[in-house]
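Student: Okay, here's what each chain looks like letter by letter:
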Amino acid sequence: MDYGKLGLKVGLEIHQELATQHKLFCQCPPELFKEELEYTFLRRLRPSQSELGEIDPAALFEFMKGRTMLYEANRATSCLVEMDEEPPGPLNPEALDVCLTFALLTDSKPVDEVHVMRKIVVDGSNTTGFQRTCVVSVGGSVESEGKAYGIQHIGLEEDAARKVRDEGEVSRYRIDRLGIPLMEVATDPVIYSPEEAERVALAIGRLLRATGKVRRGLGSIRQDVNVSITDGALIEIKGVQELGLVSKVVEYEVQRQVALLGLTEELAGRGVGEGDLNGDLVDVSSLFKGTKSRIIKNALKNGGVVLAVRLPGFARIVGSELCPGRRLGSEMADHARFHGGVKGIFHTDELPAYDISEGEVQALKERMGAEASDAVVIVADDEDKSRKALEAVVARAKQALHGIPRETRSANPDGTTHFTRPRPGAARMYPETDVVSIPVTSERLEALKAALPEMPEEKLERIKADYDLNEKLARQIVNSIHAEFFEELAKEGLGDTTLLAVTLTETLKSLERDGVPVGSLDEPVMTGVFALVNEGRTAKESVPELLTWLSSNPGRSADEALDSLGLGMMAVEVLRELVEARVSEKSEMVEQMGMKAFGPLMGLIMGEVRGKAQAGDVQNLLRKALQERP
Amino acid sequence: MGEDSLQGYRGRLKVALRAIGAGIGDQIKVESGGAVYEGSLMPRLESDDEHHVVLKLRNGYNLGINFDASTQIERVGEAEKPDFRPPPLPTMNERLPRVSIVSTGGTIASRVDYTTGGVHAAISSKDLLSIVPELSDFAAVDADILYSVFSEDIDSRHWTGMARMVEEKVDDGVKGVVITHGTDTLGYSAAALSFALRDLPIPVILVGSQRSSDRPSSDAATNLVGVVTAAATAPFAEVVLGMHETTSDTSIVFHRGTKVRKCHTSARYAFQSVNTDPLARVVEGRVEMLEDDYRRRNEGPLEVMDGFEEKTALLKFHPGFQPKVVDWFVDDGYKGLILEGTGLGHVSTGLYAVIERAVEEGLYVGMTSQCIWGRIDMDVYTTGRELQQLGVEPLGDILPETAYVKLMWALANSEDLEAAKALMRENIAGEYSDRTLYTGRFG
Ligand SMILES: [Zn+2]
Numbered sequence: 001m002d003y004g005k006l007g008l009k010v011g012l013e014i015h016q017e018l019a020t021q022h023k024l025f026c027q028c029p030p031e032l033f034k035e036e037l038e039y040t041f042l043r044r045l046r047p048s049q050s051e052l053g054e055i056d057p058a059a060l061f062e063f064m065k066g067r068t069m070l071y072e073a074n075r076a077t078s079c080l081v082e083m084d085e086e087p088p089g090p091l092n093p094e095a096l097d098v099c100l101t102f103a104l105l106t107d108s109k110p111v112d113e114v115h116v117m118r119k120i121v122v123d124g125s126n127t128t129g130f131q132r133t134c135v136v137s138v139g140g141s142v143e144s145e146g147k148a149y150g151i152q153h154i155g156l157e158e159d160a161a162r163k164v165r166d167e168g169e170v171s172r173y174r175i176d177r178l179g180i181p182l183m184e185v186a187t188d189p190v191i192y193s194p195e196e197a198e199r200v201a202l203a204i205g206r207l208l209r210a211t212g213k214v215r216r217g218l219g220s221i222r223q224d225v226n227v228s229i230t231d232g233a234l235i236e237i238k239g240v241q242e243l244g245l246v247s248k249v250v251e252y253e254v255q256r257q258v259a260l261l262g263l264t265e266e267l268a269g270r271g272v273g274e275g276d277l278n279g280d281l282v283d284v285s286s287l288f289k290g291t292k293s294r295i296i297k298n299a300l301k302n303g304g305v306v307l308a309v310r311l312p313g314f315a316r317i318v319g320s321e322l323c324p325g326r327r328l329g330s331e332m333a334d335h336a337r338f339h340g341g342v343k344g345i346f347h348t349d350e351l352p353a354y355d356i357s358e359g360e361v362q363a364l365k366e367r368m369g370a371e372a373s374d375a376v377v378i379v380a381d382d383e384d385k386s387r388k389a390l391e392a393v394v395a396r397a398k399q400a401l402h403g404i405p406r407e408t409r410s411a412n413p414d415g416t417t418h419f420t421r422p423r424p425g426a427a428r429m430y431p432e433t434d435v436v437s438i439p440v441t442s443e444r445l446e447a448l449k450a451a452l453p454e455m456p457e458e459k460l461e462r463i464k465a466d467y468d469l470n471e472k473l474a475r476q477i478v479n480s481i482h483a484e485f486f487e488e489l490a491k492e493g494l495g496d497t498t499l500l501a502v503t504l505t506e507t508l509k510s511l512e513r514d515g516v517p518v519g520s521l522d523e524p525v526m527t528g529v530f531a532l533v534n535e536g537r538t539a540k541e542s543v544p545e546l547l548t549w550l551s552s553n554p555g556r557s558a559d560e561a562l563d564s565l566g567l568g569m570m571a572v573e574v575l576r577e578l579v580e581a582r583v584s585e586k587s588e589m590v591e592q593m594g595m596k597a598f599g600p601l602m603g604l605i606m607g608e609v610r611g612k613a614q615a616g617d618v619q620n621l622l623r624k625a626l627q628e629r630p
Numbered sequence: 001m002g003e004d005s006l007q008g009y010r011g012r013l014k015v016a017l018r019a020i021g022a023g024i025g026d027q028i029k030v031e032s033g034g035a036v037y038e039g040s041l042m043p044r045l046e047s048d049d050e051h052h053v054v055l056k057l058r059n060g061y062n063l064g065i066n067f068d069a070s071t072q073i074e075r076v077g078e079a080e081k082p083d084f085r086p087p088p089l090p091t092m093n094e095r096l097p098r099v100s101i102v103s104t105g106g107t108i109a110s111r112v113d114y115t116t117g118g119v120h121a122a123i124s125s126k127d128l129l130s131i132v133p134e135l136s137d138f139a140a141v142d143a144d145i146l147y148s149v150f151s152e153d154i155d156s157r158h159w160t161g162m163a164r165m166v167e168e169k170v171d172d173g174v175k176g177v178v179i180t181h182g183t184d185t186l187g188y189s190a191a192a193l194s195f196a197l198r199d200l201p202i203p204v205i206l207v208g209s210q211r212s213s214d215r216p217s218s219d220a221a222t223n224l225v226g227v228v229t230a231a232a233t234a235p236f237a238e239v240v241l242g243m244h245e246t247t248s249d250t251s252i253v254f255h256r257g258t259k260v261r262k263c264h265t266s267a268r269y270a271f272q273s274v275n276t277d278p279l280a281r282v283v284e285g286r287v288e289m290l291e292d293d294y295r296r297r298n299e300g301p302l303e304v305m306d307g308f309e310e311k312t313a314l315l316k317f318h319p320g321f322q323p324k325v326v327d328w329f330v331d332d333g334y335k336g337l338i339l340e341g342t343g344l345g346h347v348s349t350g351l352y353a354v355i356e357r358a359v360e361e362g363l364y365v366g367m368t369s370q371c372i373w374g375r376i377d378m379d380v381y382t383t384g385r386e387l388q389q390l391g392v393e394p395l396g397d398i399l400p401e402t403a404y405v406k407l408m409w410a411l412a413n414s415e416d417l418e419a420a421k422a423l424m425r426e427n428i429a430g431e432y433s434d435r436t437l438y439t440g441r442f443g
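These protein sequences, in sequence, are chains A and B.
Residue numbering for the first sequence follows my numbering, starting at 1 and increasing by one per position.
Residue numbering for the second sequence follows my numbering, starting at 1 and increasing by one per position.
Take these hints with a grain of salt, some might be off.
To be verified - Below are the DSSO-like pairs computed for lysine-lysine, each with C-alpha atoms no more than 27 Å apart in a straight line:
1. A:K491 - A:K464
2. A:K109 - B:K29
3. A:K109 - B:K311
Please keep in mind that the hints were generated in silico from the structure rather than gathered at the bench.
Turn these sequences into a full structure, and let the hints steer you where they fit.
Tutor: In structure tokens:
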């Protein structure tokens with residue numbers, strides 16, 4: 001794709017959790033819990049009408065009415081502040097210092113007085129119904145490959161509760177993450193290609209880590225990516241969990257917008273207008289009396305209905321692929337889920353399938369009076385939900401006539417995105433009157449200037465020297481999210497620095513490429529693996545296998561992996577016996593070849609003991625056995 | 001340009017802002033420290049310093065900019081009129097039970113002005129319905145502003161005013177009265193109305209909120225919906241206080257006005273029934289009675305005994321308590337004292353002389369316990385027996401705050417001290433419980 005011609009513009013908002021001693025507005029540790037939860041509580045949110053922004057108030061009110069949030073908590077990671085049962089304490093000065101340090105590193109101008117705001121968020125991820133947030137500095141730039149990328153502002157805000165799952169109209173959240181300090185770095189929309197976006201994201205990530213106060217591990221850094229093309233729309237994509245996914249997200253979003261514009265053109269060519277989409281919903285339950293489709297059967301059994309709507313002129317449009325695995329039908333399904341709370345939709349472009357038979361599809365088309373150029377969409381659920389869902393489908397179909405709707409989307413793990421909500425108007429913000437404003441004095445800034453952290457280039461040189469790494473490996477480790485972890489391990493003497501560096505960069509990357517869920521590996525577990533090698537309890541060749549097993553068995557220890565895989569080192573005596581046994585088995589070859597039998601025997605034995613014995617030990621034992629043979 | 005147009009600004013900065021004709025909300029351009037900012041001028045808190053200008057940027061964020069001799073401020077545009085289109089009002093169904101909502105202060109319902117961050121309280125029944133429209137599903141509500149005072153500024157004259165307002169509403173034929181009130185002294189007002197409203201024919205429910213109504217998570221609307229439901233449909237005719245039962249938004253619980261206490265500074269479930277169980281709760285729009293023994297709705301007639309003797313005090317005994325404190329009240333002509341003693345109802349023997357004098361001077365002296373939970377027993381230890389001999393009246397398991405309010409009421413509504421003592425001993429409004437029930441945890 002010619003991104004220049006398409007007029008691609010990308011802006012990034014990077015959110016980085018900070019590893020301060022306490023959360024942003026209370027004295028709780030900024031940590032997540034894995035243990036059993038200790039208590040739950042149930043809440044509802046009611047935004048008052050003036051807080052709704054440009055969202056249709058009636059619709060949102062309706063949406064909120066039945067929704068409840070169930071919050072999970074334990075006492076180790078949250079207190080009454082996170083529960084919205086106690087006013088917040090003062091803004092954490094340590095977190096503010098980290099942001100100011102970053103501002104100094106990027107030449108961003110700190111504000112003279114920090115004012116904490118309440119930004120209305122009514123999805124339940126904040127117990128208060130708003131997120132506390134403030135601007136710490138404005139302007140500045142970050143550099144990548146000699147080009148400066150403008151920074152809009154650097155902000156500091158509280159992280160939200162993490163979603164556990166939705167159960168019908170109840171959303172479950174865990175409040176441990178709520179209140180963890182989150183630094184926000186927003187760039188100007190001056191990035192013009194997917195690769196460039198990823199490079200800038202990586203550069204910001206490196207600088208953030210340079211502060212030495214960032215949280216590590218999956219989800220500790222998240223990107224929002226704003227993408228627009230000339231004839232398309234500005235789309236905000238939230239929650240890209242890995243820096244390495246940024247270019248893919250941009251690429252797929254451009255594909256999606258280009259494809260949607262193509263559909264708009266095609267629909268215009270077919271002469272489809274808004275008037276054709278009259279939205280008449282038909283109850284077609286009777287057609288599915290004997291259906292094999294489990295979804296439809298269950299819906300009918302539970303007193304639900306099958307509702308259908310005809311979309312004239314939409315044949316092969318609903319099923320048309322926008323980007324990998326996403327069709328206009330997927331977009332419609334997102335809207336149906338959002339507005340109707342249904343699980344999904346079926347459309348004739350993809351039927352017969354999902355145990356809906358050819359006969360049923362024919363009968364459906366007939367009942368709906370659908371011609372070959374029409375598509376029919378059906379929903380099987382509670383009547384009220386189904387009606388709302390199909391109304392949303394029709395509304396989305398109408399939008400397709402005009403191009404690309406402005407909306408907020410969320411990233412999927414594969415880099416594609418899904419619709420999450422209509423794009424709200426300007427964020428509704430008002431002062432957080434429970435937190436006093438904080439003057440940023442010149443004394444404070446001077447003190448921070450005097451203690452600025454090491455910049456990435458300096459770090460590279462130091463790491464090369466201190467840990468005896470080659471240029472390539474040192475660069476990889478400095479760029480990696482594990483740079484600080486590497487240094488900790490190396491300082492603790494947990495093994496050969498090259499092994500540590502290779503494992504934390506190349507090995508993890510190649511395992512990930514092979515589909516191993518390495519994201520679930522936490523630092524204590526990896527430390528355990530390195531300790532095994534270091535203590536001589538396993539061979540370094542076993543590391544990839546151990547990490548693979550641990551990735552799929554979260555919560556288990558390196559020792560357990562060792563036992564389960566049988567990769568423990570053989571005792572010297574056992575190894576000696578094995579070597580002697582092989583030498584005597586191959587006595588004929590040994591007779592003929594003498595010491596030249598060393599190579600083939602070595603290969604044979606290593607094949608048997610790889611991971612359980614060091615090659616050097618085998619060499620010594622084999623040499624001895626050959627020399628001492630009778 | 002009025003004083004308020006530059007709310008919170010002082011000194012030279014205020015002069016500078018006035019000189020360019022800037023008011024709150026106006027578009028301002030500020031040049032300071034080599035940077036230029038543009039946004040709308042925001043008010044400052046009275047406690048803030050006087051050398052920062054607060055601007056709201058286009059992205060909604062506020063920030064403070066240093067003001068000194070080199071700062072340039074320019075007014076570049078007028079304030080935008082806040083754009084608030086109230087949603088259509090629900091239609092009131094006059095056949096539904098009529099409920100009167102009387103406000104004494106606090107903001108049980110409000111909306112936020114996003115230009116300044118100001119909170120506007122709902123001041124009419126129309127405002128209230130636009131903010132809590134579902135009230136119209138089960139009641140025909142009317143709303144009155146009786147007072148606009150902080151809870152901590154409420155005193156016995158306000159209790160009298162509330163009692164008379166209830167009388168007016170009862171005469172008017174409403175099915176229930178809801179009184180909105182700040183939470184700090186809500187328990188005292190609940191006790192006062194419990195004594196003042198005799199032979200009550202309908203429920204009178206006091207309600208407050210622990211999270212202000214300017215936030216989506218406020219308990220104000222949930223509490224209001226719960227108490228209006230009860231005011232319209234509950235079978236009891238008592239003075240109760242309705243608030244969150246737990247930290248969850250699941251249920252609103254009703255505590256008897258004489259047995260309730262604010263037991264937490266900030267949590268939604270701050271109010272607890274002490275030494276008894278709550279009377280009722282509302283879950284999913286339905287009233288559940290938790291007690292069989294209660295006063296039913298009836299025809300009355302209501303009798304209002306709304307006098308309260310102000311020369312009354314509640315004294316908390318503590319180690320090192322000085323006897324002359326008691327003397328001061330006696331010398332100042334006080335009519336009665338409630339002591340919040342230790343444990344089963346004790347004070348130091350060093351106070352015997354001043355207590356004896358107080359009783360001799362005709363003051364009522366009653367004993368409660370600072371333990372809050374449990375009842376006093378002044379027959380167990382010598383000190384208790386001796387205090388009784390001095391004329392101290394044991395007050396069973398009455399809450400200290402309730403005992404204080406009751407004494408004010410009893411003194412104002414009695415011919416003489418003996419009659420007041422008799423009233424104090426009588427169980428007037430459920431303030432005494434005859435059995436102490438097991439409570440695993442307190443609160
Ligand atoms: Zn906390």
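Student: The structure should be examined with respect to each hint, and the outcome stated for every one.
Tutor: Do the hints match the structure? See the list:
no.	hint	result
1	A:K491 - A:K464	holds (14 Å)
2	A:K109 - B:K29	holds (17 Å)
3	A:K109 - B:K311	violated (61 Å)
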